[in-house]
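J.: Next come the chains, spelled out residue by residue.
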Amino acid sequence: MRRFPLLTLIAQRIALGVLLLWAVSVLIFVGTMILPGDVAQAILGQAATEQALHNLRLELGLYDPPHIRYLDWLWGVLQGDLGQSLTNRADIATSIGRRLSNTLFLAACAAIVAVPLALLLGLLAVRYQGRWPDRVISGTTLTAISLPEFFIGYLLIYFVAVQLGWFPSFSTVHAGMTLGQRLEAIALPVATLTLVVLAHMMRMTRAAILNVMQSPYIETAELKGLRRFDIIRRHALPNAVAPIVNVVTINLAYLIVGVVVVEVIFVYPGMGQYLVDHVARRDVPVIQATALIFAAVYIGLNLVADIVSILANPRLRHPR
Amino acid sequence: MSRELSYLSRLVAKGRLDRRAFLGRAVALGVGAGFANTMLARAVRAEGPVRGGALRMGLSGGESTNSLDPATWLTQVPQNFGMTWGETLVVQSAEDGSARPLLAESWEASDDAVEWRFRIRQGVTFHNGQEMTPEDVAQTIRRHSDEDTQSAAYGILTDIEEISVDGRDVVFRLARGNADLPYLLTDYHLVIQPNGGFDGPAAGIGTGPYKVEVNEPGVRHVGLRYDGYWRDDVGHVDSVEIIVMNDATARMSALQAGQVHIINRVEPRTVDLLARAPGVVIESVPSKGHYVFVMHCDTAPFDNPDVRMALKLAIDREQMITQILQGHGSVGNDFPINEAYALYPQGIEQRAYDPDEARHYYERSGHSGPIVLRTADVAFPGAVDAALLYAQQAQAAGINIQVQREPGDGYWTEVWNAQPFCASYWGGRPTQDAMYSTAYISSAEWNDTRFKREDFDETIFEARAELDENRRAELYRDAAHMVRDDGGLILPMFNNFLDGRREDVQGWVADPNHETSNLRAASRVWLNSA
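Protein chains in written order, with the working numbering: chain A, 1 to 320; chain B, 321 to 850.
To be clear, the hints were calculated from the coordinates, so they are not data collected in a lab.
There may be inaccurate statements among the hints.
Unchecked claim - Partial chain B-side listing against chain A, Cβ under 10 Å, derived: (1) Ser426; (2) Ser430; (3) Asp431; (4) Val434; (5) Ala577; (6) Ala597; (7) Val601; (8) Ile602.
The C-beta atom is built at its ideal place from N, Cα and C for all residues, glycine as well.
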């Protein structure tokens, strides 16, 4: 144990994450239990006959005690069986699979653009701190984050798609499309998401590095005669990684679980739209499955942030 | 002048001149825009349909929970897509709302309208190559009228007692006479499927002009032209793609950018903006749907006929249409039927805004104090504004309407059909009988005005079994008078269907029966650019 303190620590974190996920699964289950009315009633509506309700309750196993139903559900989930949608009887795992991969694709594209851009702009802002490039960068990103995401989306649609005709105004993607067609289709949502997450990450980069820049060792580096940008890149950035990674992962999580609005205005077939459709029909198994996936993404990304911070900053390995 | 104009209109029809330039020249020639538009439409029809091209539609009303099983269709995307690959026995005429043959060739009824015999068209094939038989038709209707069915069409078919096949005919025996059976069979759920869809309800195999190619619920649907289709006056384009766009702004910008040819549900608030965009045409078609305020005739103070009459006279219908519908609607006359229905009772006097008369009735009723009107955004588009406007108009008659805004969630269970006075809307029904039976006879579950009059019920029942059209029209006139003068319905306006299309979409049929050209735009239009 003592010989691999780092591994132990990481294992602990992962175990904690799994525990948290389990707690969330209990919460989701309890949450759907305490919704008013029972599931069978919600599906069949007001005009349901007693016999139909009884049949459906039997079929759904609603007469079993709650803890048995929870264990059944959990056992299924562990085996990758998320159950069947109540409204169209489709296998949830298959339908979610396609939607999730669309969402991940959009998030990945946005992240590939936004993260390096944010870091670079942050570095530039520090390099020219207080001068016009810093002001321009801070000002524009701040403006972008102050606008609601749907408004940015509509602005882009109006100017870039309708007036200039450079990119399509909606982003329906399907299996028959090539990678190039897909990238063209999602150009505008990617731009929107980039503008939304850029400022947060860029400002954190700037603040974290500026904080480090006050340290004596930076002064030493300066006295050694290094170029200012080299100081920032080689000495300041690595020590500022922990807070930056935290902000980056929170934004990545947002890109996956928080993009419902963007998906709706760009007509993108992702998880958000899927969840909204099924919430409207009270399709409980689907809501449980998507909530669990969203929770897993959030917990997973935060876990990564923790571990990266620990790796980057040896001080965190020795809790006092 | 008119020769030059007709030459120009042919140029537009051939796609060599754009519509705007044409209208400009027409105005220069001293012709009104309305006449020029009519002329243009005629030229386009005369030029004839163009075959080919890929039609794309951006429609609201699609969810990932949609299925190809016709019994489950509730929203516009499955409805529109369903009408590309499937067909019904009967279809309602766009001109006068009468029943016209489709998969049925003809029909006849016994004198008491209890036994109906439908002759089924021959030489029609399903997309799997199988020939459509009377047995398939009988099975389809059996599936939708079965007691255990979950079909949304079950409610209209409850009167069917027995369905049998007799040679080329399908024979329906009803529990009681109904002269409207052909109209009931126009319902879009009643798409004829092989063996009635008992084997694969969601297989998507029908007799329509397009066959199902891609079915991704909530995302998009694609149909390709079916080569074995039985007629050539519909189904002009090579492929139809329906993209689900539930966001109104997304639909508008896709149409403006020219990425889709047709959109549905243009919002009245923004329709004038969209109409100004280059290349875009708005199709504003009068519909049977109406926006209403409903009073419970059995609850005080609305149990007093004078209060009801005062409230009906205290609403300014014209202003409602200008401000709430931006002019895209027509005035209502406090009964739920307009000219789009067959046997519409012509010549009933139009009720107008008359604050003095309203005050007279109101004072005679002896009621005083505020009257609570409940409303919510979901009641109909602009329902909150409409209620406030109404309160203002009623003020002039000394009636104090207090508008109470309710949450949209639960409005249809907690407020509508539960509270004595609220805003609501009704979609159209195929016939007057269907409309009155759904919401105005005493036993109707959705009688949201609690209008209960035995003589009214008898009138409706008599009309239902009456095959003589003159007598029937007479009965419906009586019914209209009863609802208009005594009912709890305040019907200020009928709304229009507002669809948008690109200029190169031709052959649009203005059809009051359902939106997007009675859900059949995809098979009726053609693309001039193809």
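J.: Each of the hints needs a verdict: does it hold here or not?
T.: Checked hints:
Hint status for B/Ser426: violated, given a least beta-carbon distance of 36 Å to chain A, over 10 Å. For B/Ser430, the interface hint is violated, since its Cβ never comes within 10 Å of a Cβ in chain A; the closest pair sits about 33 Å apart. Proximity of B/Asp431 to chain A is violated relative to the hint, the smallest CB-CB distance being about 35 Å (cut-off 10 Å). Violation of the interface hint for B/Val434 is found here, the shortest Cβ-Cβ separation to chain A being roughly 28 Å, above the 10 Å cut-off.
Checking B/Ala577 against chain A by beta carbon gives a least distance of about 5 Å; that is within 10 Å, so the hint holds. Against a cut-off of 10 Å between C-beta atoms, the interface hint on B/Ala597 holds, since the closest Cβ of chain A lies about 8 Å away. At about 17 Å, the closest approach between the beta carbon of B/Val601 and any beta carbon in chain A exceeds 10 Å, and the interface hint on this residue is violated. For B/Ile602, the interface hint is violated, the least distance from its beta-carbon to any beta-carbon of chain A being 17 Å, above 10 Å.
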